[in-house]
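Novice: For this one, chain A is given, so just place chain B on it according to the hints.
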Amino acid sequence: MFETKEMGKRFDAVVALNGASLKAYPGEIRALLGSNGSGKSTMIKILAGVYGPDSGEISVDGKVVSIGSGTASRQHGIATAFQELSLIPTMSVLDNLMLGSEPKGKFGMVDRAEARQKVQALLDRFGIDCDMDAYIQTLMPSTQTMLEVAKAVSQKPRLLLLDEVTAPLYHDEIQVLFRIVRELKADGVSIIYVTHRMSEIFELCDQVTIMRSGETVKEASTNEIDLDEIVFHMTGQYPEAHAEKEVAGDSGEPTGREVLLDVRNLAIFPSVWDVNMKAYKGEIIGIAGLQGQGQPEFIRSLLGAAQITGGSVQFDGKKLDFKSPVDAVNGGVGFVSGDRKREAVFPVRSISENISAGKIASGQLGAYMTGKFIKEFSSGAVEKYNIKIGRLENPASSLSGGNQQKLVIARWIAMNPTLLLLDDPTKGVDVHSRREIHKILQECAAGGMTVIISSSEYEELFGIADRIYVFFEGRVSDMLAGARKTDELLVAAMMGMTGQNKDGEAM
Amino acid sequence: MAQVRESFSRFRRTPAFTGFVLFTFALTLNVILQGPANFFSPNSLGILFSSNMPFLIIVIAQGVLLMSGTMDISIGIQLALVNVVTIMTVQEWGLSFVMGSLFGVAAAIVASVVLWVLISVIRLPDLLAGFAMTYVIRGVNVFIMNIPQGTVARPFWQAYSSLLLGFIPASIIALAVVLAIWAYLKRTPFGTHVYAVGANPQNAFAAGISPVKVQLQAFMIKGLFTGIAGICLTLMTASGNPLQAEDWGLRSLAAAIIGGFTFGGWGTIACAVFGAGFLVMIQNSVYFLFNWLANVIPGLMVTSFWHNFIADSIIFLGLLTTIITVRGQREALRINLEKKYMKRGESIA
Chain A
0 MFETKEMGKR FDAVVALNGA SLKAYPGEIR ALLGSNGSGK STMIKILAGV YGPDSGEISV
60 DGKVVSIGSG TASRQHGIAT AFQELSLIPT MSVLDNLMLG SEPKGKFGMV DRAEARQKVQ
120 ALLDRFGIDC DMDAYIQTLM PSTQTMLEVA KAVSQKPRLL LLDEVTAPLY HDEIQVLFRI
180 VRELKADGVS IIYVTHRMSE IFELCDQVTI MRSGETVKEA STNEIDLDEI VFHMTGQYPE
240 AHAEKEVAGD SGEPTGREVL LDVRNLAIFP SVWDVNMKAY KGEIIGIAGL QGQGQPEFIR
300 SLLGAAQITG GSVQFDGKKL DFKSPVDAVN GGVGFVSGDR KREAVFPVRS ISENISAGKI
360 ASGQLGAYMT GKFIKEFSSG AVEKYNIKIG RLENPASSLS GGNQQKLVIA RWIAMNPTLL
420 LLDDPTKGVD VHSRREIHKI LQECAAGGMT VIISSSEYEE LFGIADRIYV FFEGRVSDML
480 AGARKTDELL VAAMMGMTGQ NKDGEAM
Chain B
0 MAQVRESFSR FRRTPAFTGF VLFTFALTLN VILQGPANFF SPNSLGILFS SNMPFLIIVI
60 AQGVLLMSGT MDISIGIQLA LVNVVTIMTV QEWGLSFVMG SLFGVAAAIV ASVVLWVLIS
120 VIRLPDLLAG FAMTYVIRGV NVFIMNIPQG TVARPFWQAY SSLLLGFIPA SIIALAVVLA
180 IWAYLKRTPF GTHVYAVGAN PQNAFAAGIS PVKVQLQAFM IKGLFTGIAG ICLTLMTASG
240 NPLQAEDWGL RSLAAAIIGG FTFGGWGTIA CAVFGAGFLV MIQNSVYFLF NWLANVIPGL
300 MVTSFWHNFI ADSIIFLGLL TTIITVRGQR EALRINLEKK YMKRGESIA
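If you read the sequences in order, they're chains A and B. Residues in the first sequence are numbered from 0 upward in steps of one, following numbering that gives the first Met the number 0. Residues in the second sequence are numbered from 0 upward in steps of one, following numbering that gives the first Met the number 0.
FYI, nobody ran anything at the bench for these hints, they're computed from the structure. A hint or two may mislead.
Unchecked claim - Here are the simulated DSSO-like cross-link-like pairs (lysine-lysine), alpha carbons at most 30 Å apart as the crow flies: (1) Lys103(A) / Lys212(B); (2) Lys318(A) / Lys185(B); (3) Lys212(B) / Lys277(A); (4) Lys277(A) / Lys318(A); (5) Lys426(A) / Lys387(A); (6) Lys317(A) / Lys338(B); (7) Lys185(B) / Lys117(A); (8) Lys338(B) / Lys318(A); (9) Lys383(A) / Lys340(A); (10) Lys155(A) / Lys185(B); (11) Lys212(B) / Lys44(A); (12) Lys338(B) / Lys103(A); (13) Lys322(A) / Lys338(B); (14) Lys155(A) / Lys212(B); (15) Lys105(A) / Lys212(B); (16) Lys322(A) / Lys342(B); (17) Lys339(B) / Lys318(A); (18) Lys22(A) / Lys4(A).
Values in this document were obtained by computation on a predicted structure and should not be read as measured data.
Isolated chain B, as found in the complex:
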């Protein structure tokens, strides 16, 4: 029991705690509104994962950048970049889908490195650079693919939305790959250097770490993850669209912050998962809430604008909760330290 309490109090101090609480709340809400039997059916879980996998992975990618003290709001449009590059290389050059995907991933990495040059080397403000990049990439996307078009070979998109062994969503493989890559990176020096650079670049530099180099690594990993997310998106939609997912840049940032990231050096991959989960669950909950209301109140008709309004209001509250909790944690920490200090001082005097 004492051990459980000890590990709980340790968990409370980790960055992921508020994200976890918010996620649990949203998950419960979703399960209740959708009905447990419906929610936990393999088919609906399969759809839940396959349709939200791209978003979940780019929140993780955004998280890696936040750890290193920077961000990328053009990450949303980069998904469309991966999408159009993959579709068009297959369509125009006759490559296989796998080869096309590799080109797609490479495009995301190149875009990330360009942004690294702007942010870490030339030192443009990261929001501004990301904003500008959004428009540059939009242009590139439309240049490559002027109107939505193209297809993905049936076996690929079918495999993506299939259930392994009849109950495991196949899209989870993408998440597993991302998490495995991160699990490795976390155990390399990069895994600690990225936090040091994000929290205090001067101290990191004094310890012999090059912040610019660490940020390059972070951007490349973010590019790789964005590429994987873009392939998921392509498999999910089975077509190309040069102007999709643009608003995911800011949404991924919001999700990461809700999950417990701060702008630099604080937050884990678990934060990204909880934050993305919270956003998705809230959107689902609101959808099911309106469905239920439409049944209860005959003749109720609401546009999707209302869905978004309610869902985003709740997300905003989530954002506030995180920020207030972080502030509260800091204050509690200070008071606690002070008490300890006083006590120790008295015991010696």
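Pulled out of the complex, with its shape left as it was, chain A reads as follows:
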């Protein structure tokens, strides 16, 4: 059996695992559940050898082992099918499935005939209809995911980790997958199954392990636990999908205000399928949902950074037609990313440069700005938004995460956008800075700015958002406003337990 105990893992200030544990017995399918930031992905990646844990121990058959690399993970009999896929898109199906375990032939060459035979057998077993010489990138996402699972199974693992593999799959492929997982279970393989589709747990799994905030909060057999209880352990709330309280006349949409953004049937291949949303001037719209339900792609499409493949977006009365973020910024859109390092802060440049970066970019190329202007401008912003800094000349990397984020928000507000987009802006930000960021956003909205804020921690949306759109598998599963802004309804919507998505089917 495989066991992890007292696992700890930090990423900078964010605690991903805080004493979590997980057991996997032979011949058992165990669902590993948790909402955003619960640490389940981190746990999977530690077992797969992608991350090393900071503390805790992993044991195989009672012996303590260390898993420092993908190779070590394989050697202990662990195989993983990753949600983000470990296939190499520019290589053929054959080469991908055999990568690292090519059958040996004469003179150190690969036995092509045997490799083809093995791969064909694998494709047949998984019912995958594809040319084994085709490049992975020419195949549909669902086929790619099936191949990812096939690759993991082909390693004949003792522990198979499946990380949200069903999301891109079609109904018939899921049935094939379930059949194979059950076959493996009969052969005595341990399977850890990560999913956000509640229906699959009861259909497939024997045991559930539920994680929350980096800790393991519940272990139970699927016979002795029900859906509401699972959701309760995941989120701390009981869902209320079935007793939907419609509050008459309260769609939550403000009257007497102008519509700024009107999104209809928006699709962004392959993550967003059908999103409808209206945002009014001076409104704060919250976007909630589990991770990877299409929220980042949706926000980036409004910014011209992700290509819209279907539906329409009206922005300020005109068709939204931003080819790049430059167009969007000139059109009055601001964007604050939660991924400060990659999309927001210039870490080695000074604080004042960081604050005035937007202002500089919005001017004409070669427009002259005096040092005095920049200094006054940035010290004004620092004071106004209460950013804790040493000196304006210090590099932005000298600030704490929360202050860096305030700096980025200050940069954008200085440009006075009509629409401010925030993608998980408070990730890894301390409570105090978070409260201040909320205050800044509320002031902006009061001034007529429309704010769309996505957050992985849904509790914060209750505090600031007028209306909350909940994403599930690339669709809006519910819109909460007024009296319907309750934990129970939000949790139900996040789990896809509403309307046509009640049973968690994507198609």
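Specialist: Using the frame of chain A, we list chain B on its own:
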């Protein structure tokens, strides 16, 4: 017919497709401007192959590195290194030409391994490391041979530029050796690992492949091929020159990209052949174009700078074409996938 169409559409998806189209275009141009009878005469084909063989082989060598996700712009000056080592070991130590050549090849492999240490182990940016190496090797070359000098025994260089059976250029043997080595390597695990490492080192590592080791192999193979190219160059010029072929480093990179390589994990040896062929054919075409113009317009005199200007402009256009086509292919792929996905979704709903 359907089968032909099927294999054509498969070929269109391979990396070599744009390189093939560009090469065919340049070849046709060259044949027309030179005159088919002239172009296809055994003698002129013999010269075409013997004088361009070193370049063709180093484009292949550069291609092997690009597959593994790195590159070597000092590959040009390494040809001169092979050249001076071969000539000087023969001249100073009295070795036979064959023995001298082995030293030359060994020198190229050593230079490649040094670069591997800089790029894969110490992780210097590959362009920078290659640039620095260019100057180091220049110094080494001049240290070994201060001024152009030396000769190759007549039978060797004569054999190189001879025609086997009266019509097969002997220099093709060098290409055949290189292709045979690659044909073997392609069938070993290295043949797929090199692509995995080039495209995504993390995933390759997760699959139990050591990217550093695979890159070492790639560098050594590149060194071997560079050595063979350097011997061709020595046979072609029949003398030593410590400072030749330096700009071939960047040219080989350009040829590889035109042929369809990207920086990491995409591209085949066919890409290298087509890319190198395109460059050579364009240079020839421009030469013959100016010859023809000089006949038509009496008194027209142009310097070789104009030749280079026109030829390199066309090569630049070729480079653009490849990059735009690759982008177009990617977009077409996405749209196609999306359609399939939607269709399948509807058929189930």
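Novice: Does each hint fit the structure? Answer for all of them.
Specialist: Do the hints match the structure? See the list:
1. Using a Cα cut-off of 30 Å, the hinted pair Lys103(A) and Lys212(B) holds, with the two alpha carbons roughly 19 Å apart.
2. Restraint check: the Cα-Cα separation between Lys318(A) and Lys185(B) comes to about 52 Å, which exceeds 30 Å; the hinted pair is violated.
3. The suggested pairing of Lys212(B) with Lys277(A) is violated, with an alpha-carbon distance near 55 Å, which exceeds 30 Å.
4. Simply put, Lys277(A) and Lys318(A) have alpha-carbon atoms about 14 Å apart, close enough for the 30 Å limit, and the pair holds.
5. For a cut-off of 30 Å, the pair hint linking Lys426(A) to Lys387(A) stands: about 18 Å separates their Cα positions.
6. In summary, the hint linking Lys317(A) to Lys338(B) is supported, as the alpha carbons are separated by about 28 Å, within the 30 Å threshold.
7. In summary, the hint linking Lys185(B) to Lys117(A) is supported, as the alpha carbons are separated by about 19 Å, within the 30 Å threshold.
8. For a cut-off of 30 Å, the pair hint linking Lys338(B) to Lys318(A) stands: about 24 Å separates their Cα positions.
9. Using a Cα cut-off of 30 Å, the hinted pair Lys383(A) and Lys340(A) holds, with the two alpha carbons roughly 24 Å apart.
10. Taking the CA atoms of Lys155(A) and Lys185(B), the gap is about 27 Å. The hint holds against a cut of 30 Å.
11. For the suggested pair Lys212(B) and Lys44(A), the alpha carbons sit about 25 Å apart, so the restraint of at most 30 Å is met.
12. Our distance criterion of 30 Å between C-alpha atoms is broken by Lys338(B) and Lys103(A), whose separation comes to about 40 Å.
13. With a C-alpha separation of about 22 Å, the suggested pair Lys322(A) and Lys338(B) falls inside the 30 Å cut-off, and the hint holds.
14. The straight-line distance between the Cα atoms of Lys155(A) and Lys212(B) is roughly 26 Å, inside the 30 Å bound, and the hint therefore holds.
15. With a C-alpha separation of about 22 Å, the suggested pair Lys105(A) and Lys212(B) falls inside the 30 Å cut-off, and the hint holds.
16. Note on Lys322(A) and Lys342(B): the hinted pairing holds, with a Cα-Cα distance of about 27 Å set against a maximum of 30 Å.
17. At most 30 Å may separate the alpha-carbon atoms for a hinted pair to count; Lys339(B) and Lys318(A) meet this at roughly 28 Å.
18. A C-alpha spacing of about 9 Å is found between Lys22(A) and Lys4(A), which places the hinted pair at or below 30 Å, so the restraint holds.
Hint check: violations occur at hints 2, 3, 12; the rest are consistent with the structure.
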